[in-house]
Amino acid sequence: MKKTILYIILFLQISFAQAAVDSIINTKAKAAPDTVETLQDTVKAESNKLVENIKPPIKVNEIFSLTKIIWTIIFIFIGYNVIKLITTLLDKLSERSISYRITIKGFIPIVKIIGWIGIFTLVIVGIFQPPMESVLLVAGSLGIAIGFAAQDILKNIFGGITIIFDKAFQVGDKIQVGEYYGEVTSIGLRSTRIVTQDDSMVVLPNGELMAQSISNSNSGEPNCQVVSEIYLPPYIDTALVRKIAIQSAQVSRYVYLNKPIAVRFKNEIYESRSVLKLRLKAYVLDIRYEFAFMSDMTETVIKELLRLNIITKDELIGFQKLN
Numbered sequence: 029m030k031k032t033i034l035y036i037i038l039f040l041q042i043s044f045a046q047a048a049v050d051s052i053i054n055t056k057a058k059a060a061p062d063t064v065e066t067l068q069d070t071v072k073a074e075s076n077k078l079v080e081n082i083k084p085p086i087k088v089n090e091i092f093s094l095t096k097i098i099w100t101i102i103f104i105f106i107g108y109n110v111i112k113l114i115t116t117l118l119d120k121l122s123e124r125s126i127s128y129r130i131t132i133k134g135f136i137p138i139v140k141i142i143g144w145i146g147i148f149t150l151v152i153v154g155i156f157q158p159p160m161e162s163v164l165l166v167a168g169s170l171g172i173a174i175g176f177a178a179q180d181i182l183k184n185i186f187g188g189i190t191i192i193f194d195k196a197f198q199v200g201d202k203i204q205v206g207e208y209y210g211e212v213t214s215i216g217l218r219s220t221r222i223v224t225q226d227d228s229m230v231v232l233p234n235g236e237l238m239a240q241s242i243s244n245s246n247s248g249e250p251n252c253q254v255v256s257e258i259y260l261p262p263y264i265d266t267a268l269v270r271k272i273a274i275q276s277a278q279v280s281r282y283v284y285l286n287k288p289i290a291v292r293f294k295n296e297i298y299e300s301r302s303v304l305k306l307r308l309k310a311y312v313l314d315i316r317y318e319f320a321f322m323s324d325m326t327e328t329v330i331k332e333l334l335r336l337n338i339i340t341k342d343e344l345i346g347f348q349k350l351n
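For what it's worth, the numbering used here labels the leading residue of the sequence shown as 29, then goes sequentially.
Hints should not be assumed to be uniformly reliable.
Said to hold, decoys possible - Quick list of in silico lysine to aspartate or glutamate cross-link-like pairs, EDC-like style, CA-CA up to 20 Å:
(1) Lys202 <-> Asp226
(2) Lys305 <-> Glu332
(3) Lys309 <-> Glu236
(4) Lys287 <-> Glu299
(5) Lys195 <-> Asp265
(6) Lys195 <-> Glu257
(7) Lys309 <-> Glu332
(8) Lys271 <-> Glu236
(9) Lys271 <-> Glu249
(10) Lys305 <-> Glu249
(11) Lys331 <-> Glu236
(12) Lys309 <-> Glu327
(13) Lys341 <-> Glu249
(14) Lys287 <-> Asp265
(15) Lys271 <-> Glu332
(16) Lys305 <-> Glu343
(17) Lys183 <-> Glu236
(18) Lys120 <-> Asp226
(19) Lys294 <-> Glu249
(20) Lys341 <-> Glu236
As the list claims (entries may be wrong) - Taking CB as the label site, the calculated pair distances span:
(21) Leu336 <-> Tyr128: 39 to 49 Å
(22) Ile345 <-> Trp144: 20 to 30 Å
(23) Leu150 <-> Glu207: 22 to 32 Å
(24) Lys96 <-> Phe186: 24 to 34 Å
(25) Glu207 <-> Phe186: 42 to 52 Å
These aren't lab readings, by the way, just hints derived from the structure by calculation. Glycine included, C-beta positions come from ideal geometry on N, C-alpha and C.
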């Protein structure tokens with residue numbers, strides 16, 4: 029392609045020169061025949077110089093030799109294992125610290141991106157060492173081709189980079205995206221993975237994530253608020269139930285006591301039936317135990333209500349059908 033472009037430029041230059049000569053020939057042919065011959069000789073000489081000055085196109089085997097390809101494979105293999113080793117160490121280190129778990133996990137996708145950019149840059153600049161004009165020519169052609177053929181892939185890649193550096197959420201956060209709620213386990217260039225309550229892995233393309241509303245439960249904090257809801261009869265002693273609910277949260281091994289515990293009551297009507305909804309709000313020490321903490325609080329409250337005869341089993345069964 030480069031050779032073709034150079035020949036086109038040469039052809040245009042010669043054409044312009046020849047057109048100028050023809051113009052002179054048409055106006056001065058009768059007056060100065062010797063001058064016309066001199067001009068024609070000059071044009072031929074200049075054309076020969078242009079042809080000689082054209083550099084031959086770069087040969088492919090000068091850039092992509094077998095030795096360079098082998099070194100590239102070795103370099104990428106080593107780089108892949110180094111990145112994997114670093115991310116594995118960061119992941120294990122994060123599991124040893126509750127306070128800094130999410131912060132450490134947030135470095136994992138950044139290490140991956142910087143690592144791969146560095147690897148491919150060193151391969152191109154250090155091993156293949158192509159001329160700059162060839163790099164620009166290939167980059168321009170590939171840019172146009174990729175832009176049309178891989179729009180969705182590019183959208184996901186740019187979405188992944190935006191998520192990582194904008195930090196709307198990070199690895200370890202609990203997020204709600206549409207109908208899916210779970211912990212973010214990885215943020216890649218193409219997609220983000222979350223694990224839901226029932227231990228299902230959900231893969232979400234980054235391009236689609238950027239176009240949706242995202243609810244973040246903890247925003248980088250190791251703790252988050254957990255809400256337990258229980259339906260009760262409207263006649264119960266709310267002061268006593270409030271005390272039981274607060275104590276049930278306080279005695280849980282998952283509770284984070286540095287943040288407040290709150291109890292709210294709300295009257296609701298279901299099928300012409302009045303019920304009292306109890307909402308117990310407390311913070312879990314480690315967001316990974318969110319659902320275990322919710323279940324623990326609910327079970328403790330119900331056991332105490334039954335033990336103190338505040339509610340009967342039949343009433344409890346009837347009200348829990350409303351959940």
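>> Given the hinted pair lysine 305 and glutamate 343, is their Cα-Cα distance within 20 Å?
In response: Roughly 14 Å between the alpha carbons, so the hint for lysine 305 and glutamate 343 holds.
>> Given the hinted pair lysine 309 and glutamate 236, is their Cα-Cα distance within 20 Å?
In response: Cα-Cα ~32 Å, so violated.
> Regarding leucine 150 and glutamate 207, is the given constraint of 22 to 32 Å on their beta-carbon distance met?
Replying inline: Since the Cβ atoms of leucine 150 and glutamate 207 sit about 43 Å apart, the hinted range of 22 to 32 Å is violated.
> For the pair supplied as a hint, lysine 183 and glutamate 236, is the alpha-carbon distance within the 20 Å limit?
Replying inline: Satisfied, since the Cα-Cα distance of roughly 9 Å is no more than 20 Å.
> Is lysine 287 close enough to aspartate 265, meaning Cα to Cα at most 20 Å?
Replying inline: Measuring from Cα to Cα gives roughly 26 Å; hence the hint is violated.
>> Does aspartate 226 sit within 20 Å of lysine 120, going by the straight-line distance between their CA atoms?
In response: violated (24 Å)
>> Would the hint linking lysine 341 and glutamate 236 be met if the CA-CA limit is 20 Å?
In response: violated (47 Å)
> Are the Cα positions of lysine 287 and glutamate 299 separated by 20 Å at most?
Replying inline: With Cα atoms ~37 Å apart, lysine 287 and glutamate 299 exceed 20 Å; violated.
> In this structure, is the beta-carbon distance linking leucine 336 and tyrosine 128 contained in 39 to 49 Å?
Replying inline: Taking Cβ atoms as reference, leucine 336 and tyrosine 128 lie about 42 Å apart, which means the hint holds.
> In this structure, is the beta-carbon distance linking glutamate 207 and phenylalanine 186 contained in 42 to 52 Å?
Replying inline: violated (25 Å)
> Is 24 to 34 Å a correct range for the gap between the Cβ atoms of lysine 96 and phenylalanine 186?
Replying inline: Between lysine 96 and phenylalanine 186, where Cβ atoms are some 31 Å apart, the hint holds.
> Does the alpha-carbon distance linking lysine 331 and glutamate 236 stay inside the 20 Å limit?
Replying inline: violated (44 Å)
Comparing the model with each numbered hint stated earlier shows that hints 3, 4, 5, 6, 8, 9, 10, 11, 13, 14, 18, 19, 20, 22, 23 and 25 do not hold.
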